[in-house]
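Asks: I would like the entire structure built from these sequences, with the hints used as guidance.
Protein chains: 2
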Amino acid sequence: MKKKATIHDIAKELNINASTVSRALADSPRVKAKTKDLIRAKALEMGYSRNHLASNLRRRKTSTIGVIVPNISRFFFSTAIAGMEAIASQQGYNLIICQSHDSTEREAQLIETLLAHQVDGLMISIAMDGDDRSHLQRIEDYEKPVVFFDRACHTIKGHNVLIDDYARAFEATEQLIQKGCKRIVHFAGQGDVSIYSERIKGYLAAMAKHGLEVKEEWIMKSRLKKLDGEEMAWKLMSMNPRPDGIFSANDIAAISAIDALREATLSIPEDIKVFGFSGEPISMFTSPNLSTVDQNPELMGNKAAEILLKQINGEEIPDSPTVIESKLVLRQSSN
Amino acid sequence: MKKKATIHDIAKELNINASTVSRALADSPRVKAKTKDLIRAKALEMGYSRNHLASNLRRRKTSTIGVIVPNISRFFFSTAIAGMEAIASQQGYNLIICQSHDSTEREAQLIETLLAHQVDGLMISIAMDGDDRSHLQRIEDYEKPVVFFDRACHTIKGHNVLIDDYARAFEATEQLIQKGCKRIVHFAGQGDVSIYSERIKGYLAAMAKHGLEVKEEWIMKSRLKKLDGEEMAWKLMSMNPRPDGIFSANDIAAISAIDALREATLSIPEDIKVFGFSGEPISMFTSPNLSTVDQNPELMGNKAAEILLKQINGEEIPDSPTVIESKLVLRQSSN
DNA sequence: TTGTACGCGTTATCAC
DNA sequence: GTGATAACGCGTACAA
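Chains as they are written, first to last, in my numbering: chain A, 920 to 1254; chain E, 920 to 1254.
Be a bit skeptical, because a hint or two may be false.
Any copy will do: because identical chains look the same in the list, a pair fits if it lies in one copy or spans two.
[Claimed, not checked] Derived lysine-lysine pairs resembling DSSO-like cross-links, with alpha carbons at most 27 angstroms apart:
id: 1; residue 1: Lys1145; residue 2: Lys1246
id: 2; residue 1: Lys1076; residue 2: Lys923
id: 3; residue 1: Lys980; residue 2: Lys923
id: 4; residue 1: Lys1229; residue 2: Lys923
id: 5; residue 1: Lys1246; residue 2: Lys1144
id: 6; residue 1: Lys955; residue 2: Lys923
Derived from the structure by calculation, the hints contain no laboratory data.
Replies: Written out as structure tokens, the structure is:
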């Protein structure tokens, strides 16, 4: 097992000092061009590559950013991460990506691990399985900058990057109303998390603006999974009078509801119009294809990374959240 | 800016030596239970957490695994990663996830960076934009274990975790034949990568077995993106006699082709039957929904991680590739 | 059971 | 422009 070359090995071979090697490889102006060339050639020859562990330890900086999302296999998050990565890698930063699976407990662990790895900053979309956010305090203890994205958080100092969930929910609901819906149910998310509460508010505000009553049973909370959507579809079909519109806080529930409704021989959008939320790619391919809200995840990732990097570089960032452009995507299901 | 506590700080507070603190926090049996309790309490009080950088440098082990995939936002890869993460985190390992965007050049950079970060091992699905694999040599130089998944690689020593692309392609083609297709085109991938060449072979073998001729123009190579699928659909419609079946090496091209064919008022599966590959979730929701091949990405991730961890722990792994179970998913488009 | 001393590989700081 | 030395924070062989 041959040992990896270090700057000392290179130095020894060339009969010079390790610090010169270090400087040369960092392209410091304080090393003669000729020596630099010599050192670089030797480094290449010996297959040297810098040990980032040691370097980071010494410099007290890792050029690494920790990212925590509920689940990387969801389109929204994987695309947001791609957006972050684009910016981060441009500036020589690497991402460590972790999944909380929406468990606060796991999130706490991950934060601890990432801090122990001396990440220079964090980007988090917080878990929504509870309202205890005390574990975030550790980030402040470590004085690391943090950006929260998609799901707002105000328990500790940190910038928020969001879309205007309220406005889009309002507009989506209003769109259904304008197409003639009068009895619109809302598939709401559960958990103490901003995105869902804002969407409920937007829905209620739109209904109120148009003088439409909202029955209590119309606000149906669930985890918005496939089965939840089907279940809610059956439930709403048993209501009398039957609702004529659905505004769902995500696409999955909306799509599975459509399937269930059509199985019960209802027509979409003729009998019931449906509006989703998230802009999942699937929404383009369903039949009828689904109206939804494009959350612009890539741009959100870009912005989150830009802001975090600014903070890492010592810039002051205004407290007010950064709002990412988002927009309705009108398709057949709400027409 | 208050400094973070180190083992020395804890030691000083308790008037003991730093090494005792180090041992206590590692739960070494060589420290009295009472001292341990004392130290742990103090550590908690001071908000101590171990500096992994220093620890890893000293131990020459990072408990970190580097993962390189073309694109994490693709369902297959994000699910495979989820599968890896499940196993890795069980054993106290973290993943650093990187995207090559199918660029060999970027892949080479990433490998260099990951090695410099002293990862304990690598899992790679190699980029397919060329046939130069010399950059992989660096992994051998560093004597790090590596597992290739999905896309086979034999240029350096390393285990492969794959599905049987040949067999599934054979079966999918045969399925189309059994449903009556006689003129089946193949949407093939391009690039020097095993998955696509195996799928072509499987297709050809099935055609040959049933005595069906394969015209040269029927093997249509492309990057299999949305536009490629549409383009190939138009092209095949201009063929005389018109093909009556499509076996596509991925789902995206198959789905966009279906859209184009239906736009041209052809019926699927009546006029043309279609079989995809990959098991993208979208395939469930299209109409008609798409027959495809479930690649079992989560299990593939599990296996890849298990095997790599064994290697990291010094176990010898047999050279022969690990083949993951995969299966056809029969739906309307091929019926 | 605890303390001493040193090394992991790099970089900052001072000297020349 | 280069060399010597210490320090980053931790872990461990050896001594006590």
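Asks: Measure nothing new, just compare the shortest in-copy and cross-copy C-alpha distances for lysine 1229 and lysine 923 to 27 angstroms and report within, between, both or neither.
Replies: Classified as between: cross-chain Cα gap 23 angstroms, same-chain 35 angstroms, threshold 27 angstroms.
Asks: With identical chains treated as interchangeable, where does the CA-CA distance between lysine 1076 and lysine 923 reach 27 angstroms or less: within a copy, between copies, both, or neither?
Replies: between (43 angstroms within a copy, 19 angstroms between copies)
Asks: At most 27 angstroms between C-alpha atoms: does lysine 1145 with lysine 1246 qualify within a copy, between copies, both, or neither?
Replies: So lysine 1145 and lysine 1246 pass the 27 angstroms test inside a copy (24 angstroms) and across (23 angstroms) alike.
Asks: Check lysine 955 against lysine 923 for me: Cα-Cα at most 27 angstroms, and say if that holds within a copy, between copies, both or neither.
Replies: within (21 angstroms within a copy, 37 angstroms between copies)
Asks: As a check of your reading, is lysine 980 near lysine 923 (CA-CA no more than 27 angstroms) within one copy, between copies, both or neither?
Replies: This pair counts as both: shortest intra-copy Cα distance 23 angstroms, inter-copy 14 angstroms.
Asks: Could you figure out if lysine 1246 and lysine 1144 sit no more than 27 angstroms apart (CA to CA) within one copy, between two copies, both or neither?
Replies: both (23 angstroms within a copy, 25 angstroms between copies)
Every hint, counting from the list given before, is met by this structure.
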